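Asks: Given only the sequences and the hints, what does the whole structure look like? Please build it.
As a plain string of letters, each chain reads:
2 protein chains.
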Amino acid sequence: MEIKEINSGVCAAKGFKANGVHCGIRKNRDKRDLAVIYSECEATAAAVYTTNLVKGAPLTVTKRHLANGKARAVICNSGNANTCNANGITIAEQMSDLLANELNISADDVVVASTGVIGQPLDIEPIKNSVKELCDGLSDNDTASEFAAQAIMTTDTKLKEVAVEFEIGGKICRMGGIAKGSGMIHPNMATMLVFITTDVAIDADALQKALSDDIQKTFNMLSIDGDTSTNDMVTVLANGMAENPIITANSEDFAKFMTALNAVTVKLCRMIAGDGEGATKLLECYVSGADDEQTAKTVAKSVICSSLLKAAMFGSDANWGRVLCAIGYSGADVDISKIGVKFKSQKGEILVCENGAGVEFSEEKAKEILLENEIEILITLGNGDKSANAWGCDLTYDYVKINGDYRT
Amino acid sequence: MEIKEINSGVCAAKGFKANGVHCGIRKNRDKRDLAVIYSECEATAAAVYTTNLVKGAPLTVTKRHLANGKARAVICNSGNANTCNANGITIAEQMSDLLANELNISADDVVVASTGVIGQPLDIEPIKNSVKELCDGLSDNDTASEFAAQAIMTTDTKLKEVAVEFEIGGKICRMGGIAKGSGMIHPNMATMLVFITTDVAIDADALQKALSDDIQKTFNMLSIDGDTSTNDMVTVLANGMAENPIITANSEDFAKFMTALNAVTVKLCRMIAGDGEGATKLLECYVSGADDEQTAKTVAKSVICSSLLKAAMFGSDANWGRVLCAIGYSGADVDISKIGVKFKSQKGEILVCENGAGVEFSEEKAKEILLENEIEILITLGNGDKSANAWGCDLTYDYVKINGDYRT
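Sequence order for the protein chains is A and B.
Once you know that position 375 of the first sequence is 357 in this note's numbering, the rest is easy, because the numbers rise by one and skip nothing.
Once you know that position 215 of the second sequence is 197 in this note's numbering, the rest is easy, because the numbers rise by one and skip nothing.
What the hints contain is simulated information worked out from the structure, not anything from laboratory work.
Just so you know, nobody snuck in bad clues.
What follows is a list of derived Cβ distance ranges for each label pair:
(1) 273(B) - 152(A): 56 to 66 Å
(2) 337(A) - 11(B): 33 to 43 Å
(3) 349(B) - 68(A): 19 to 29 Å
(4) 24(A) - 349(B): 43 to 53 Å
(5) 273(A) - 346(B): 54 to 64 Å
Derived coverage of chain A by chain B (criterion: at least 3 residues anywhere in the stretch with Cβ under 8 Å from a Cβ of chain B; other residues may be distant):
(6) 61 to 72
(7) 303 to 315
(8) 334 to 343
Keep in mind that this is a model prediction, so the values were computed, not measured.
Glycine included, each C-beta is placed from N, C-alpha and C at the ideal position.
Replies: Below you can see the structure in the form of structure tokens.
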């Protein structure tokens, strides 16, 4: 199945419009802080949510709205997470109602999301005052998707959007997504804010199954800082306007849909990891030779989460002992004496550990490889044929700077 | 039971001598890198070890030597962990043999330990050349304990030693310890390098039980960076020279011994946490109101491990939302709507969250409290009467600096 990447975002799929404006939750007038995504017709909807017991109020409201597997629009603000506030649910419902009124749709068809500081009351006034401007500006061009992507950014430094084109049932289909990172990211079952749109026709059960399966290999294998956010959410809206034969969980096209979805989510994972708070490098850990997939995932995630390894990567230091250390405490049942480790980048690859012990290598070559901004850590366990990927980033001065005084 | 802190270390207890020299494993000639501790007579010995599957070779050798519950001496180098090296076991055995020959004791009575970089062969020559000087300088004065404490330091900036005096069975007893931190610290069942000596008479089973129980509330509740080291080890040597009636696990004095041991280990925990790599602040998280102790421990450890909270503490930012976030993803079964959070230091305390939601507080007062270098995070769960403590430190620029290029 051919998947063509196209230069677009959430407006790539037929019948989707978007916009993003500055409503005033953030002080900086140049920063958009309120986003909308809208489908011309009702869409099948699926979502996954954070497993943090502390849940943002918007997630509770969204979960209720998506109980029927249908949605038409998304409203999302940045700058305030609307979490741990006594009136959080009321505010999230007001956001839904305001958008629904303006778009003349049912409030039940609105996905509502918030991201930003936890525990500060969210004032509804700026949203109320801007919702007309927000909806008046809805457009299906690429700039509209960019505006929405900008509006959901918090400490992100790079806009995150992706879109792909593929064929299902003889019909050209499209899928696109926007995402926001970039701290408090250590997904577990669900993940950060990601909104995906597609014109594929797919039933609600199949869509939810596709998403729930996919995140196990994508967003749940991503960690910036080990902190699982209270407001993580991934939603997919599929409006069927591509007119393909409707996909069910048992139909042949389901696998194709999964492949397309995975192309979008992996790309977003890499974008989120590479733009982790303060990050200078995208780290990708590929573990192979495991006797089961869970072992490979456990090892990959442990390595990508190690603060010591992350700091070593910032310093372009081939400190493979920290890789072995992180494997050793991961809880995975592995034979240390069979482990091999390589570092790889555009500049080549270098073997640094074999059979669980160091090998002689050129420090100069290792440095050259590690000075690049996309680093692969390749681990072989020598036990089987299962593998897994995890994504993360280096730990830098700027991570500390950003988080040392984020709130005030 | 009265426990008097005294200004001393591993030579506080009767019959113990120590020393530390520069042997040349480290390039800096001013940094001692080889330590010895010696008991005049055979001592009961207990130890706990890292649960990391990657284990330093010295731990394997020490475990074998302590199988009979007896030891007389400790040799420990810094600058090289002797871990993930093909010849590691041989080198660790050579270290034991060299010390045993010099002290005219059995090699089986030697505790051997190494700390430093993983995966670089440890040259035995510097140790061989210095072992006579090391043993010739053995002394029971406080400077000798300091020399040993200096010799086991890696990135530690502060010497860590403590000693206490107490009475058991009408006899004055003493116990002292030295420790080294300060990165790769997230103990699990066992912990970093800590050597404790005492002149209490206690049988081997009771000593091991006391140590194994104690670390569950002390070293296992300590985290600097979430990375469980490959070389963690805590050992206690008890040589009986205080001449108290020998303590067994069932004797009345066992509880007294536990109290004394806990006084030493808590002090060392606080020292290690406060001198975590790059740390400017000691963080202590006290969780109360839990319906069982494990819940309190899980919550305390999760909060103390949160990179985001650690960075906020560095910035003296009362970002309590990050405390709630870390409680929420800890895996503990708690009712978020009952949680209260206070920050406390020498400058006073301030309530920032009640019933799971923010309360109005003076940012100015919070800043004043958080600018101190010992911060308590007080969490009430409102569910029961169990509690737990955990220790950690802030996340700073210097942590990144130290670990961005530690090896080369």
